[in-house]
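Engineer: The listed protein sequences derive, respectively, from chains A and B. Going by the working numbering, the first sequence opens with residue 11, and the numbers climb by one from there. Going by the working numbering, the second sequence opens with residue 33, and the numbers climb by one from there.
Just so you know, these hints were derived from the structure itself, not from any lab. Hints are supplied without guarantee of correctness; some may be wrong.
Said to hold, decoys possible - Some but not every residue of chain B turned toward chain A, in silico, with C-beta under 7 Å:
{"hint": "1", "residue": "Asn112"}
{"hint": "2", "residue": "Tyr139"}
{"hint": "3", "residue": "Ile205"}
Unchecked claim - Some residues of chain B that are not near chain A, with every Cβ distance over 10 Å (derived):
{"hint": "4", "residue": "Thr35"}
{"hint": "5", "residue": "Met36"}
{"hint": "6", "residue": "Leu44"}
{"hint": "7", "residue": "Ala50"}
{"hint": "8", "residue": "Ser172"}
Said to hold, decoys possible - Covered stretches of chain B, as calculated for chain A (at least 3 residues, CB under 8 Å):
{"hint": "9", "region": "70-83"}
{"hint": "10", "region": "93-99"}
{"hint": "11", "region": "128-138"}
{"hint": "12", "region": "210-216"}
{"hint": "13", "region": "227-240"}
Just so we're clear, the structure is a prediction, and the values are computed from it rather than from any experiment. Where is the CB? At the ideal position from N, CA and C, for every residue including glycine.
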Amino acid sequence: MSVDPINLLAFLGMAIVTYFTRVAGLALAGRLSLSPRAQAAFDAIPPAVLIAVIAPSALATGWAETAAAAITALAATRLPLLGVVAVGVIAVVGFRMVM
Amino acid sequence: MSTMRDDIRRGLNDIWPAAVAAAPIGLLFGAVAASKGLSPFEVFLMSLMVFAGGAQFAAIELWANPAPVAALVFSTLLINARHVLMGASLAPKLQGFSRWQKFLGLYYMADENWALAEKRARTHRLTPAYWFAMVIPFVSGWLINSTLGAMIGAVLGDPKRLGADFAFTALFIALVAAFWKGRVTFWTVAAAGVASAVTYRLAGAPWHVAAGALCGLLAAWLAAGGEEQPVTEEAKA
Chain A
11 MSVDPINLLA FLGMAIVTYF TRVAGLALAG RLSLSPRAQA AFDAIPPAVL IAVIAPSALA
71 TGWAETAAAA ITALAATRLP LLGVVAVGVI AVVGFRMVM
Chain B
33 MSTMRDDIRR GLNDIWPAAV AAAPIGLLFG AVAASKGLSP FEVFLMSLMV FAGGAQFAAI
93 ELWANPAPVA ALVFSTLLIN ARHVLMGASL APKLQGFSRW QKFLGLYYMA DENWALAEKR
153 ARTHRLTPAY WFAMVIPFVS GWLINSTLGA MIGAVLGDPK RLGADFAFTA LFIALVAAFW
213 KGRVTFWTVA AAGVASAVTY RLAGAPWHVA AGALCGLLAA WLAAGGEEQP VTEEAKA
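With the hints as extra help, turn the sequences into a complete structure.
Structural biologist: This is the structure in structure tokens:
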């Protein structure tokens with residue numbers, strides 16, 4: 011049951027900003043009107059952050075990872091979430107063997 | 033007028049498919065968190081305190097020893113910023129909630145239970161009974177599965193051997209597909225990917241997250257300009 015104090019600090023910081031985003035809506039309700047462009051930028055936050063987090067692993071690690079990422083993206087247009095993950099993992103293991 | 037009992041039953045009925053779908057994701061999260069050196073109890077604490085799937089996955093991808101606290105908090109804030117809009121939309125529908133029920137209930141507002149509550153609010157008054165009947169099993173499932181995943185992951189050992197280190201990358205690509213909105217998303221993803229990879233090479237972690245995310249948002253702003261104009265005119269008319 012050991013907890014690293016720095017890890018605990020990270021959890022606490024993450025918890026505080028997350029709770030802030032969840033209750034901030036109570037104060038904003040009915041007062042928020044975004045322009046369509048601002049709305050588009052806001053809607054783009056999740057995909058932009060997700061891609062920014064994985065880009066080094068997908069694009070700057072090696073050819074095996076880049077090729078597997080391309081196949082995964084293709085699978086993402088057809089398969090449900092866990093199917094996509096399975097295709098990606100199998101592809102990277104395969105490419106690492108041959109590259 | 034629905035009774036409290038009906039609302040509890042309705043909430044449980046509505047949430048269970050989402051809870052089942054989240055189970056393997058929780059196991060996967062725990063397993064990869066364990067590979068980054070987090071203990072099962074730490075995984076439990078993180079899930080209990082933060083309870084945000086996407087942000088927790090991103091955090092584990094960025095995790096190092098010692099933990100890069102500022103980068104982790106910043107990435108979490110960015111990924112969860114969407115909650116502000118979700119909460120603003122849900123808040124007027126929480127009239128039947130006492131003040132503390134609102135502040136407690138919103139602690140565990142996630143994409144899934146938010147979407148179901150919005151759907152429910154279209155036809156019924158949203159009650160605390162319905163909300164908490166959804167939230168309690170959903171949160172419990174995430175806690176149990178992520179902790180269990182960490183216990184299993186600790187036994188499995190090096191995740192790279194099984195390609196499990198790539199599971200995050202694949203999962204995130206799959207999640208992006210779920211947020212896909214056509215042309216604007218394409219430019220967002222292209223700009224975020226290139227900016228992040230280049231920044232990672234030139235400046236290293238964790239700067240790639242902020243650089244990639246901001247370039248992605250800028251691209252969305254620019255790409256939406258030409259397309260959204262007619263909609264604006266219609267909205268004014």
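Engineer: Work down the list of hints and note, for each, if the structure agrees.
Structural biologist: Against the structure, the hints come out as follows:
| no. | hint | in the structure |
| --- | --- | --- |
| 1 | Asn112 | 4 Å, holds |
| 2 | Tyr139 | 6 Å, holds |
| 3 | Ile205 | 5 Å, holds |
| 4 | Thr35 | 27 Å, holds |
| 5 | Met36 | 24 Å, holds |
| 6 | Leu44 | 22 Å, holds |
| 7 | Ala50 | 12 Å, holds |
| 8 | Ser172 | 18 Å, holds |
| 9 | 70-83 | holds (count 9) |
| 10 | 93-99 | holds (count 4) |
| 11 | 128-138 | holds (count 3) |
| 12 | 210-216 | holds (count 5) |
| 13 | 227-240 | holds (count 7) |
Checked against the numbered hints listed earlier, the structure breaks none of them; every hint is satisfied.
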